[in-house]
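Student: Turn these sequences into a full structure, and let the hints guide you.
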Amino acid sequence: MNRSLVIVLGALALGAAVFAGSYFTAQRASIAYCDNPVDDLSWLRTEFHLSDADMARMRQLHEGYLPQCAKMCALIAAKKAEVQTALGNGTNVTADAEKELTELGELRAQCQAQMLRHFVVVSQAMPPEEGRRYLAEMEKITLGSHEEIEQSMPADHEHGNH
Amino acid sequence: MKENMSPDDTKFCEVLRAARPSPSLPPRFQENVWRRIEEAAAPAKSGSWLDALAALVLRPRFAYATVATLVLTGVFLGTYQGAQTARQDAQARYVAMVAPNPLR
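Going down the list, the protein sequences come from chains A and B. The numbering of the first sequence is the working numbering, which starts it at 154 and goes up by one. The numbering of the second sequence is the working numbering, which starts it at 28 and goes up by one.
The set of hints was computed from the structure by calculation and includes no laboratory data. All figures in this text were calculated on a predicted structure; none of them were measured in a lab. Errors might be hidden in some of the hints.
Partial selection, computed: residues in chain A whose CB lies under 8 Å from chain B [stated by the list, open to error]:
(1) A164
(2) G168
(3) F177
(4) R181
(5) A182
(6) I184
(7) C187
(8) D188
(9) Y218
(10) C226
So the derived label-pair ranges between C-beta atoms look like this [claimed, not checked]:
(11) A/L158 - B/F103: 26 to 34 Å
(12) A/G168 - B/N59: 36 to 44 Å
(13) A/E282 - B/A123: 20 to 28 Å
(14) B/T100 - A/L269: 39 to 47 Å
Note that beta-carbon positions come from the ideal geometry of N, C-alpha and C, so glycine has one too.
Tutor: Right, here's the structure in full:
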């Protein structure tokens, strides 16, 4: 093989290895430095520039909210099991199954409302500007998934005039 | 030995030198000499661009500069990307705690 070609290819391979080595080493170091996988609230501190005092308040609110959230999750899981039972193996949606689905929907709505109330309380415990940003971000994350589904529906869908 | 020469010999040498005048140098003689010396000292030029690239790659100054640039770029991009990943992971952990997927 041409000697010059070997030199150029070798230099390219060496350059790629040097770049990849630097990139991945720096990336790992950066993740290890920035992230604290033990603390679930570390994102709040870094993203919204919260002080230790703010974080103490955040932890208090978070720990107060978690049991309510877990209770709602349990209620929803139980209702989902009831829906499955009501649907059974039949090919029709019975009145009983419809009632269970409505109740499941109501539970989910209650849960979402409770979640949003928690976000509002948390945002009010932050400095005003950061609080507004937090609330907007959380609403986008938690309600955005429904909007994505709705926006993905075609505009001229025959059920679009509901 | 020159010291042993007699005054007559010295005179004889001068006469000889005068009888063989040195020709005048061609124009830009000195510049051309230096150019040829530089060309001889430089690595042989190849007609192919690949050979020129290989010669460039083998120059230490070019190699050090390239390695330094690659390392700095890699560290900069890796640090930035790592910070983004860490931020996304931390956000995902928080959101998973306060808004589990089935509730969204």
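Student: Okay, which hints does this one fail, numbers in order?
Tutor: Result: no hint breaks.
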